[in-house]
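There are 4 protein chains.
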Amino acid sequence: MKALVYHGAGKKSWEEKPKPVILEQTDTIIKIIKTTICGTDLHILKGDVPEVTKGRILGHEGVGIIEEVGSAITEFKQGDHVLISCITSCGKCEYCKKGMYSHCEKGGWILGHLIDGTQAEYVRIPFADNSLYHIPENADEEALVMLSDILPTAFECGVLNGQVKPGDTVAIVGAGPIGLAVLITAQFYTPAKIIMIDIDDNRLNVAKTFGATQTINSSNENAFEKVMNLTDKRGVDVAIEAVGVPATFELCESIIASGGHIANVGVHGKSVSLHLETLWSKNITITTRLVDTVTTSMLLKTVTSKKLDPAKLITHRFALKDVEHAYDVFQNAATEKTLKVILINE
Amino acid sequence: MKALVYHGAGKKSWEEKPKPVILEQTDTIIKIIKTTICGTDLHILKGDVPEVTKGRILGHEGVGIIEEVGSAITEFKQGDHVLISCITSCGKCEYCKKGMYSHCEKGGWILGHLIDGTQAEYVRIPFADNSLYHIPENADEEALVMLSDILPTAFECGVLNGQVKPGDTVAIVGAGPIGLAVLITAQFYTPAKIIMIDIDDNRLNVAKTFGATQTINSSNENAFEKVMNLTDKRGVDVAIEAVGVPATFELCESIIASGGHIANVGVHGKSVSLHLETLWSKNITITTRLVDTVTTSMLLKTVTSKKLDPAKLITHRFALKDVEHAYDVFQNAATEKTLKVILINE
Amino acid sequence: MKALVYHGAGKKSWEEKPKPVILEQTDTIIKIIKTTICGTDLHILKGDVPEVTKGRILGHEGVGIIEEVGSAITEFKQGDHVLISCITSCGKCEYCKKGMYSHCEKGGWILGHLIDGTQAEYVRIPFADNSLYHIPENADEEALVMLSDILPTAFECGVLNGQVKPGDTVAIVGAGPIGLAVLITAQFYTPAKIIMIDIDDNRLNVAKTFGATQTINSSNENAFEKVMNLTDKRGVDVAIEAVGVPATFELCESIIASGGHIANVGVHGKSVSLHLETLWSKNITITTRLVDTVTTSMLLKTVTSKKLDPAKLITHRFALKDVEHAYDVFQNAATEKTLKVILINE
Amino acid sequence: MKALVYHGAGKKSWEEKPKPVILEQTDTIIKIIKTTICGTDLHILKGDVPEVTKGRILGHEGVGIIEEVGSAITEFKQGDHVLISCITSCGKCEYCKKGMYSHCEKGGWILGHLIDGTQAEYVRIPFADNSLYHIPENADEEALVMLSDILPTAFECGVLNGQVKPGDTVAIVGAGPIGLAVLITAQFYTPAKIIMIDIDDNRLNVAKTFGATQTINSSNENAFEKVMNLTDKRGVDVAIEAVGVPATFELCESIIASGGHIANVGVHGKSVSLHLETLWSKNITITTRLVDTVTTSMLLKTVTSKKLDPAKLITHRFALKDVEHAYDVFQNAATEKTLKVILINE
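Residue numbers (my numbering), protein chains in the order written: chain R, 1 to 346; chain Y, 347 to 692; chain S, 693 to 1038; chain D, 1039 to 1384.
Careful: at least some of the hints might be erroneous.
Unchecked claim - In silico SDA-like pairs for lysine to any residue, Cα to Cα no more than 20 Å straight-line: (1) Lys97/R to Asp578/Y; (2) Lys1345/D to Thr577/Y; (3) Lys208/R to Lys999/S; (4) Lys885/S to Ser305/R; (5) Lys628/Y to Leu114/R; (6) Lys885/S to Lys97/R.
To be verified - Computed Cβ-Cβ distance ranges for the label pairs, DEER-style: (7) Leu42/R to Ser565/Y: 42 to 48 Å; (8) Gly99/R to Thr996/S: 33 to 39 Å; (9) Lys1359/D to Gly99/R: 41 to 47 Å; (10) Thr624/Y to Glu1374/D: 55 to 61 Å; (11) Ser619/Y to His325/R: 38 to 44 Å; (12) Lys77/R to Ala1026/S: 49 to 55 Å; (13) Ser297/R to Lys962/S: 38 to 44 Å; (14) Gly1046/D to Lys962/S: 38 to 44 Å.
Because the hints were derived from the structure by calculation, they are not lab data.
We treat Cβ as the ideally placed atom computed from N, Cα and C, and that holds for glycine.
So that you can see chain R by itself, here it is in the shape it has in the complex (with noise of 0.2 Å):
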């Protein structure tokens, strides 16, 4: 079969690899309709995550068709058409029985990363009766790949450990595909305004037309002033951070209301300051958080019902050959205006 492989920082290549095959009686092997890219999978590319070897298919979301199943699997069976979930879970450790996925002992984050991904023909799912969720019919496929990863990611570590309430300020930091999965996802729970800040005016339109009540261009405005400004000088209620750098995440520092909660949902590669000189005595909470994607079946019937639309946040469709391509225009994603790609495995 084809595969994206990669070859070591800044090197990948869509080649030849061997289809995968059942390991454990818990896998399935799956052929990957859809599929998509992650700002994930351009830190692998950037080196920046070295537990990722040379030789690695890259990838950990997507929707395929089961093609085999190992003999312990009882939920599914050959030719169900599945969602995979970026998180994979074993559900017997003392982590999945808490709903903890994330640190699943034998799961957790591993697809296009510890083990062989999903931007390929076909995948390794290992404990995928825990990993896979069966896809609705007349389901818009192509849109629930977007629940694989990044709106889990958003509704989990942005706006449920923010605990965003009915009638709440929220301020989100990154006008990305992750921070506008948090604006679409926030707005669940009906909080009054939502400021979005980024330093592209293209996303912040986006993020108007997606629900966001202010926008705040943070390269040529003060943002904390801004923001200050529109909450009468008390903060925000919910900061969320959604880049993943010093900078934002002191910005959330800065911005939060006393009694606020600060979500972070960027992954980070340094530390930051953490003022506790101030906000000592502000009595505010902050979460970090691997997405657990114990919320993905929520999110279906979300979808299902219409109550949430994952399509809007797909930009750019690709043939899954033309993978290094779309690499390219999701990476330029200011000039190109992107926001998630769709790889389709014709």
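Please build the complex by placing chains Y, S and D on the supplied structure of chain R, with the hints as guidance.
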């Protein structure tokens, strides 16, 4: 009357001051029976709390007898024995309605800070109906001085924010009075293990008698390694910072298990490094809080029912007029083996 | 002044009464701008609420202008436009401190019940600092009358107690004004399906325009069977009783899914059968509540930010002096297609 | 092998049965070390549980040694000492993922109910990876039999659902083994008062030694009045029903304070009267639950750390072959002063 007056960094004196009078209808005047000294008072005396101006009477804890009530007071009358909360609550603002009295728009921590305090023969208590508590009959009034600040602080900022649960492994970093108060109130929730970390063997020995299951003297042991050994390399479910310096907060960051809670109790004077490069994916929660004293009624019930014995935090007693000497003994805690002192207005 | 006075079961009249005066320092006198009639007022008129004695002025909802304030009032002044809460809160008792204003030791539901109410040209509001809300500038004051009682009741007793979550299937039994208010506020949490059950096709049609995804007329359909069909035989995640008779409560018992929540909103006059022989093992939660109006500030934010449009509950308007006619129209709801009426003090 | 077999209402015998064999890959075969009898077994024998068919081996509790594992078992191996959960969890269905194992689509309470149980020399445990627990080294295995059912039932259905908090006043209605197990585990949360109500003085005396602060013999005292006297006429914060008949549930309804929680633990055979005519406005919560055994790991930690001593529930020991006599002693609890019996497979 006589009172302990702050005269700038390092300077204080027990001297004559005018007896306080009712300024607002919601005030009371209290004759102090017993009061104490808080670690925060030492910070003030170092000059670390610039809002405290020269001439201020110090102190924000105590029990007393009501001498006079303002015309709008409905819950108390002359002669009532009362517990003074370190936090003043107007009972009407948005924060008070949310139970976040620490951020009351007209109150909060003002005693011995922005207005005159309790290390005096008399004190004026604003918003008294919402800031005092009736002392139950036959109560040990001396013990209740511990409910003005240290016990609600330990319980709310440490134990409640840390979400201590039955079966948990808890680390408390700092075995001073506040850390020990965390230790006592953490046991309300029956954790399996409580690891106490400090650099003072005397305090660690006290911690053992107060219920610590393990102690670590971090001046001669590697606290990180020892905690990892005690927890099968997983770290602790709850880490409570009760010192207020970067090193101890960062120790909490290093020993927290995935899914764990870091609850800050310490008063910090500078920023700390938050290691998001490792913590971003660990599903942790960090909280800060200035005590709200919303649990004072509940703590009174646990004292009345003998589930909590605050008296064991008291090591020394002085006449109120000897308050300057008492400060010395409280400050030289290691040498004097001081936890909390009681000052008696004889 | 003129007021609507209760004269025993079935008797009321619009008549001259003395204008109220300040009795306590914490009182205000309000000139009513607009008020409304509640289903509870009809119960009183039937004689079902014996605590209401002859001579009582009815009504517990409204907006007005402050005419006079007691000497202890700090948050309001003459001329302020205010929303009157149906629940009076002293702000000082144990229940008020817990946010359970409904059980305030000196307040609770007293307006138009234990003291004179709002269906009058003027009303005395006790504990006004904790029982009134400032009306934001440019607000639609008429719409805000819906925030005195019906919307917080629907939201707190129905939606919050029912723990409505994104993706849930919710059944609301009763499509009268209160059931419709539940329907509107349930959507703050983006449930997937909201099934509205009533016996009045007009109200069910209104429910559809207000966001119900399915409706059932239980007078000509088997509601239990239809709900089961709509839910793959599992039942609903949340069942909200908004009628107040045994049959509707027992319908909720029969349609609740394992793990679900039954939230009672209706005012009941007799006991119901709780089928523990089947429910004991179904992991369900049943809640009751008299509205606390702790969410009034939050609801005001959702109105100001256009997330909630209370005006759509209003179907009829009358001059306050025509209140007796308004009662007729409100009572003949089916014929008149009445939801809520507004009474205007011209 | 030998086993206790149900032969219809009132009939059981210790007789030869075929040794169980692996039927599914996820099964294990366990050699029973110790087991016990549950109140539910008595219900079955009365004929109250019609799903139990003639020929069924009874029992759903016990500790044992793994004799054989199915091919899909990964967490256990032959020779492991294990605790058997009364609830079987597949680990894959929607309910298991929510932690609601009691309603597992393929499991739940099936042992000694829908499939053969543990009052036998050997038992087949389906979905063993998710339904067994490793016994820690040096553990008191006999005491752990109490963790199969009674302690998680008491804790989850009674204490957790009742939301027992520090300082609370709790009433437990029923001082049989399950009520006493509630009493023990309620103390994890340090309530101020625990009032135990029963009609058996022996059990009430046991309750006192187990930590009850007050006891009421409702056969010769008016339980309602006495509770009111003990609570300043407010009622209790938490009322836990541990009997399963209408009278005791209605007692809970009558003694619950405004804002309180009624947690049902008893197994009910008929409906009860829910007095909504008074309760509708009391802000109460009523819960039901079939134990999920989601807290078994946590309870194991409290046993290992000596915070919980399950052995004190055990009053009698028998050889497994004398199980019929053991049933007599268990049934004649009042005369024999029986709490829990242990059956030893010698």
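How the hints compare with the structure:
Annotation: proposed proximity of lysine 97/R to aspartate 578/Y holds, straight-line Cα distance about 19 Å (limit 20 Å). Among the hinted pairs, lysine 1345/D with threonine 577/Y is consistent with the structure: their alpha-carbon atoms are about 18 Å apart, no more than 20 Å. For the hint linking lysine 208/R to lysine 999/S, the alpha-carbon distance of about 16 Å falls within 20 Å, and the restraint holds. Between lysine 885/S and serine 305/R the alpha-carbon distance is near 7 Å, which keeps this suggested pair within the 20 Å criterion.
The straight-line distance between the Cα atoms of lysine 628/Y and leucine 114/R is roughly 18 Å, inside the 20 Å bound, and the hint therefore holds. The suggested pairing of lysine 885/S with lysine 97/R is violated, with an alpha-carbon distance near 29 Å, which exceeds 20 Å. The hinted range of 42 to 48 Å is satisfied by leucine 42/R and serine 565/Y, whose Cβ atoms lie roughly 45 Å apart. Between glycine 99/R and threonine 996/S the Cβ separation comes to about 36 Å, which falls inside the hinted range of 33 to 39 Å.
Evaluation of the 41 to 47 Å hint for lysine 1359/D and glycine 99/R yields a pass: the beta carbon distance comes to about 43 Å. The given range of 55 to 61 Å is respected by threonine 624/Y and glutamate 1374/D, whose C-beta atoms sit roughly 59 Å from each other. Judged by the Cβ atoms, the range 38 to 44 Å given for serine 619/Y and histidine 325/R holds: they are separated by roughly 41 Å. Taking 49 to 55 Å as the suggested C-beta distance range, the pair lysine 77/R and alanine 1026/S conforms, at roughly 53 Å.
The given range of 38 to 44 Å is respected by serine 297/R and lysine 962/S, whose C-beta atoms sit roughly 40 Å from each other. Range check, glycine 1046/D to lysine 962/S: about 41 Å between beta-carbon atoms, so the 38 to 44 Å window is met.
Figure legend: structure checked against the earlier numbered hints; the only hint not met is number 6.
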